[in-house]
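> So you can see what is in the structure, the chains are spelled out below.
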Amino acid sequence: MIDDKTLESILFMSKLDVDENVREKFRSQIDSVITYFEILKEVDTESVTSSAEEAVGMDELRMDEKKESFSTAILKSFAIHFMDGYFAVPRIIEKRKAEEK
Amino acid sequence: MNIIEAPLSELKEMLDNGDISAVEIVRAFRENYERDEREELPLNGYIEFFDDAEKAAQKSDQVRESGDPGILEGLPIAVKDNILISGHEVTCGSAILEGFKAPYSSTVVERLRAEGMIFLGRTNMDEFAMGSTCEYSVYGPSRNPYERNHVTGGSSGGSACVVSAAQAPVALGSETGGSVRLPASFCGIYGLKPTYGSLSRYGLVAFGSSLDQIGILGRVPDDIALVLSVAGGYDPNDSTSANVDFSGIYPLKRMKLKGKRVAIPVEISEEGVDEEIRGKIKVFSDWLTGMGVTVEKISLPVLKLSVAIYYIIAPAEASSNLSRFDGIKYGFRDTTGETLEDLYVRTRTRGFGEEVKRRIFIGNYVLSSGYYDEYYKKAMEVRRLLKGRISELFTKYDFILSPTSPVLPFRIGEKVDDPLSLYLTDICTTFANLASIPALSVPLGLSKKGLPIGLQIAGNMFEEEKLLRVAKLWHEESNF
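Chains as they are written, first to last, in our numbering: chain A, 1 to 101; chain B, 102 to 581.
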């Protein structure tokens, strides 16, 4: 069973929240899936020397050539909050200063 | 000839002979789509039928008149909502990408466009391709054309739906664990998951990058071959792209099956498989035997683990890939909080649906300190074992045969709150993605209640043509 501390920790890493009224349902659904993963424990993988996956066709990499990227106008069209050529976010420095005080 | 029911090869012939125009083709599919939209329960296969499709068709007719048509000139295709078409909205069936317009086109779309193909619209899907039923979409579920209260299968449910219902002759979908084959099976059409690296992933919104692959859905094997012949092949913009050439595969040549060897793994074709599906597999297997093929039941226990391996690796990769949706650079933003952390959390919590949140959580869980070795590393090791076993199998056999799904299409809402039960419907398909091999879902006919049943043929890496040639023989003999 996923305990409260683990649940909070993984939600924090995921930058997600789950409403209190559906939290137990969410926990139970995740639990059933994680429990199912236990079937892998029975498999002997000692003979497997590497877990890395080799990709297909990686022997042929493209040349490192400079190419035209998106214009500022296109980038601006992606986001509602755009200012002076940058994506705008909430102020963070002022907030931290206020917290330090 | 009825335009909407004609395969691409016939539409191509009619266009070449001047019997019809590209504009007439687009109008025929649009009218069929709009007719269905007036039904009490519309199929909901398209999220959007493009307003500019007819304009593109007019341009295509002009190109044809000029005497230099492309290979696919004037032929239409529908495209899943996670494949970029420049200037068109692309949302992956998610609220978090509402209103986002693609700034460039995917390589596959560019290649099809360069040969004259026309894009009819974008199709419904499980949010970020995470689902097996096409119910986890912000646009609501797509409905099965054979029984509207039943699911289409997913995640490329919209693509399968529009092809099955003659709202498009072919469609692009995407695969991570069965998302082309499962809906193809549930909707009674053909669905190809090509070898990993066969079609460029450039411009396909990432889910599980070591598994993702664009696939093709159609009503006849030759139509899939025609699209693959243009769309496939090496792309320098995708570092995992393979140096493979499909340009000569269309039209599919007749195949001699005599002497071929087929394996049917009992782990994914017997236990837990619906009796009617087993019956249809037997019909196909007997047909192969009659053609001189050696069909053998084999045991490959590692296949029973493929759902567990898949649902560790795919969410792990997804949790990283979907971290880019933070409310800053594009898509939806929740501004109700004060801090940057509030912005991230509230945007993602409101923007993502329940299944996507579950998978991001599972992904971060299996990658986190204390659980990494137990889950992620272990899954990667077992994946390697599985890949080795599959590779060994192809030294003795030409094909692996199984059902595409262990169950028949079920009612909408029946399993939506039971993720594990839904995950287990992928038991027959995930091994092909984990082993990077091609696999094709082939329609076998209908159940007693009139629901489609599909079979899966998997082949060795880059043997798409062989799979399609077997399917062509079956199609010609069975008319499915």
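Honestly, the hints are just simulated from the structure, not real lab data. Check each hint, because a few of them may be wrong.
[Said to hold, decoys possible] In silico contact screen, one side only, chain A against chain B (beta carbon under 10 Å); selected entries:
hint, residue
1, Ile39
2, Ile74
3, Met83
4, Gly85
Glycine is no exception: its CB is placed at the ideal position from the N, C-alpha and C atoms.
> Compare the structure with each hint and give your call.
Structure-based check of each hint:
1. Ile39: Holds, about 5 Å.
2. Ile74: Hint holds; Ile74/A Cβ to chain B Cβ min 5 Å, cut 10 Å.
3. Met83: violated (12 Å)
4. Gly85: At about 14 Å, which exceeds the 10 Å cut-off, the nearest Cβ of chain B leaves the hint on Gly85/A violated.
Checked against the numbered hints above, the structure breaks hints 3 and 4 and satisfies the rest.
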